[in-house]
Amino acid sequence: MTINQLSQKLDLKIVSNTPKTTEKAVTGVYSCDLLSHAMAKINEGDVWITVHTNLNVVAVASLTDCACVLIPENIEIEKQTVERAIEKDVILLSSDKSAAVLCYEIFKLIKDL
Amino acid sequence: MNNVVVRDYIIPANDFTIAGEASSNVRKILSQIGVAPDIVKRTSIAMYEAEINAMIHGKGGQAHVEIDENKIVIRISDQGPGIEDLDLAMQEGYSTAPDSIREMGFGAGMGLSNIKKHSDILEINTAVNEGTTVLITVFFKQE
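Protein sequences appear in the order of chains A and B. Residues 1 to 113 in my numbering are what the first sequence spells out, letter by letter. Residues 114 to 256 in my numbering are what the second sequence spells out, letter by letter.
I should point out that these hints are in silico values taken from the structure, not numbers from a laboratory. Nothing here was measured: the structure is a model prediction, and the numbers come from that model. Ideal Cβ placement from N, Cα and C applies to all residues, glycine included.
Once the Cα atoms are required to be at most 25 Å apart in a straight line, the calculated BS3-like pairs of lysine-lysine come out as:
no.: 1; chain 1: A; residue 1: K111; chain 2: A; residue 2: K9
no.: 2; chain 1: A; residue 1: K88; chain 2: B; residue 2: K141
no.: 3; chain 1: A; residue 1: K41; chain 2: B; residue 2: K254
no.: 4; chain 1: B; residue 1: K230; chain 2: A; residue 2: K41
no.: 5; chain 1: A; residue 1: K41; chain 2: B; residue 2: K229
no.: 6; chain 1: A; residue 1: K41; chain 2: B; residue 2: K141
Covered by chain A, according to a simulated footprint, are these stretches of chain B (three or more residues, beta-carbon under 8 Å):
no.: 7; stretch: 128-140
no.: 8; stretch: 153-159
no.: 9; stretch: 213-223
no.: 10; stretch: 227-235
Assemble the whole structure, with the sequences as input and the hints as a guide.
Below, the structure is given as structure tokens:
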């Protein structure tokens, strides 16, 4: 499933759009707000759910090759983070749902593949 | 092949706008020369943690990177306050990071243990009020 398809199914907003949204495959989901922990555990292809919206999120996403970063609960994303994400080819998504609900819904979709 | 790639980077103090640039650059070089993706990931994680440490704790510093056909050696040094008790600092969960850093998602006390976990050889030289040097080696062919 591509990020575009995932966004449509779960009504996610694509905040930073890059060519990868139609190419990159989503293969897993991971949720964690401790950056060191997340960095060590995120697998390539994961949707990473975090409440952080600072620049370091883009660095961690880029280092781990996660499929995209998903910010839950409509948390506002800093403008410089969005700009950096576009620059680094990192996809940021946003949703009004909580991290727990998003994990459940993404997991269900991936499991059915 | 005896080519050695050498790179030097300046790590500024407390500047999150360019934090991770050195690691990101090294990651790109390793990918370009065809190093296996899992080794690239290990190296970037170890280097990023060390870079962030130098930025947060060491008042900034320098990164010196040497890549040959077998390995990458990364030396990150700062002239910061040094580490008083290295054994304690190596323990997962121990951190001296201020609240402002914790609010950004750092300061969980995992930096040094993460570096150790993702490198093949880790050497730390530190002296109070003089600074800290972290030497990370990652081999491209894992035994």
